[in-house]
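K.L.:
Top to bottom, those sequences are chains A and B. Just so we're aligned, residue 275 is where the first sequence starts under the working numbering, counting upward by one. Just so we're aligned, residue 275 is where the second sequence starts under the working numbering, counting upward by one.
Calculated from the structure, these hints are not laboratory results. None of these values were measured; they are calculated from a predicted model. Do not take every clue at face value.
Pairs count within a copy or across copies, as identical chains cannot be separated in the list.
Simulated crosslink set (EDC-like; lysine to aspartate or glutamate; CA at most 20 Å straight-line) [as the list claims (entries may be wrong)]: (1) K453 with D470; (2) K281 with E414; (3) K479 with D380; (4) K394 with D380.
2 protein chains.
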Amino acid sequence: MIKLTAKDIANKHHIYRINLINSCSGYKSANLIGTKSEDGFENVAVFSSVTHFGSNPPLLGFVLRPTTVLRNTYKNLKETGFYTINHIHESIISEAHHTSAKYPGDVSEFTKTCLESEYKSDFYAPFVNNCPIQIAMKYEEEYPIKANDTILVIGSVQEIYIKDELLSNDGFIDLAKGKVVTINGLDGYAATNLIDRFEYQRPKKDALKESS
Amino acid sequence: MIKLTAKDIANKHHIYRINLINSCSGYKSANLIGTKSEDGFENVAVFSSVTHFGSNPPLLGFVLRPTTVLRNTYKNLKETGFYTINHIHESIISEAHHTSAKYPGDVSEFTKTCLESEYKSDFYAPFVNNCPIQIAMKYEEEYPIKANDTILVIGSVQEIYIKDELLSNDGFIDLAKGKVVTINGLDGYAATNLIDRFEYQRPKKDALKESS
Numbered sequence: 275m276i277k278l279t280a281k282d283i284a285n286k287h288h289i290y291r292i293n294l295i296n297s298c299s300g301y302k303s304a305n306l307i308g309t310k311s312e313d314g315f316e317n318v319a320v321f322s323s324v325t326h327f328g329s330n331p332p333l334l335g336f337v338l339r340p341t342t343v344l345r346n347t348y349k350n351l352k353e354t355g356f357y358t359i360n361h362i363h364e365s366i367i368s369e370a371h372h373t374s375a376k377y378p379g380d381v382s383e384f385t386k387t388c389l390e391s392e393y394k395s396d397f398y399a400p401f402v403n404n405c406p407i408q409i410a411m412k413y414e415e416e417y418p419i420k421a422n423d424t425i426l427v428i429g430s431v432q433e434i435y436i437k438d439e440l441l442s443n444d445g446f447i448d449l450a451k452g453k454v455v456t457i458n459g460l461d462g463y464a465a466t467n468l469i470d471r472f473e474y475q476r477p478k479k480d481a482l483k484e485s486s
Numbered sequence: 275m276i277k278l279t280a281k282d283i284a285n286k287h288h289i290y291r292i293n294l295i296n297s298c299s300g301y302k303s304a305n306l307i308g309t310k311s312e313d314g315f316e317n318v319a320v321f322s323s324v325t326h327f328g329s330n331p332p333l334l335g336f337v338l339r340p341t342t343v344l345r346n347t348y349k350n351l352k353e354t355g356f357y358t359i360n361h362i363h364e365s366i367i368s369e370a371h372h373t374s375a376k377y378p379g380d381v382s383e384f385t386k387t388c389l390e391s392e393y394k395s396d397f398y399a400p401f402v403n404n405c406p407i408q409i410a411m412k413y414e415e416e417y418p419i420k421a422n423d424t425i426l427v428i429g430s431v432q433e434i435y436i437k438d439e440l441l442s443n444d445g446f447i448d449l450a451k452g453k454v455v456t457i458n459g460l461d462g463y464a465a466t467n468l469i470d471r472f473e474y475q476r477p478k479k480d481a482l483k484e485s486s
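In isolation and in its complexed conformation, chain A is listed as follows (with noise of 0.2 Å):
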């Protein structure tokens, strides 16, 4: 195995080191973040790191990078407080990616890309049309990370929509179904096949008596 130390990572060139440490955390999800601004610029942007934070209240979070430059997303979320999470699926996996593309704030990525927004239900944000699922988002609390200046955004699911043979009885939402893709890294985009699914898991028997 090849192995590198803190030392070694803090050597390299800086793509070598976004590439590394952007791929190290194993795969990510692949979201388009949608908002509008108050004065009503629509912005679409392509997200890694939303996370789940807890099924009830349903909370999902996303990562910020330092607002030194303006950042579009994150000033129409705080200036509204809405914002939405559409999946990106293998057919639009190039238009998402340019949306990574730093377009001034009233240059609006859905004029610039093949994607289109889409209103339902009144929801201030635009969603992205044909997306598979896609989830209205209130801004709930952020949290500065000190560490490195980034920004942790944590919001509540408003509304889910999902492509009906996507939604098994139990709830589960199966992405592979669907043509979710995953991103590895900065700029990897992977398809994806479901193995299996798991049972909630027990402790086996002769442990208990172990520690008793």
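The hints should help you fit chain B onto chain A, whose structure is shown.
P.N.:
Quick look at chain B alone, frame taken from chain A:
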């Protein structure tokens, strides 16, 4: 599309709700976190919330559920300051998933599964033998999440071990080549195929003209 509102979700059976909300965020990382208590008891547990927070310094976060029940991983990493992150590959998914069973603190999951602990470079916490990527982590800080009493733990990368053939010249780790899996929901494990990598994105030229 099926529409579920916050109220619909709140009214569902709790198993339905945890399946739904755990799978609605998208694909998750599939990791085993290894720790050892001050008095020498090893622990290993499956986590699906390891998230990239930054590359310089190299920081990864993960989420722990409330500490109202004993969490061995949390207790050990707080006591000792160290833990390991090990990637779950296809041949160990069943054993890895079994580490979610609640064993008492003096019963090591290493003795209850085929997973083997491995020590190297005098690092205090155990790695999981044969994992294609193994990361030595140092606890840095934590954030109690008010909205639901979970804890975000932030750690810094001390050492990374990577199977030789997975590491590209530009620092990208090819997780699919290592048969690293990704988690769908609470209990679904999926195999992956890398579709493509994309270049760093810049705005399309006409955008800047429009906004100036």
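K.L.:
Now tell me if each hint is right for this structure.
P.N.:
A quick look at each hint next to the structure:
no. : hint           : in the structure
1   : K453 with D470 : both (16 Å within a copy, 15 Å between copies)
2   : K281 with E414 : between (38 Å within a copy, 17 Å between copies)
3   : K479 with D380 : between (62 Å within a copy, 15 Å between copies)
4   : K394 with D380 : neither (23 Å within a copy, 53 Å between copies)
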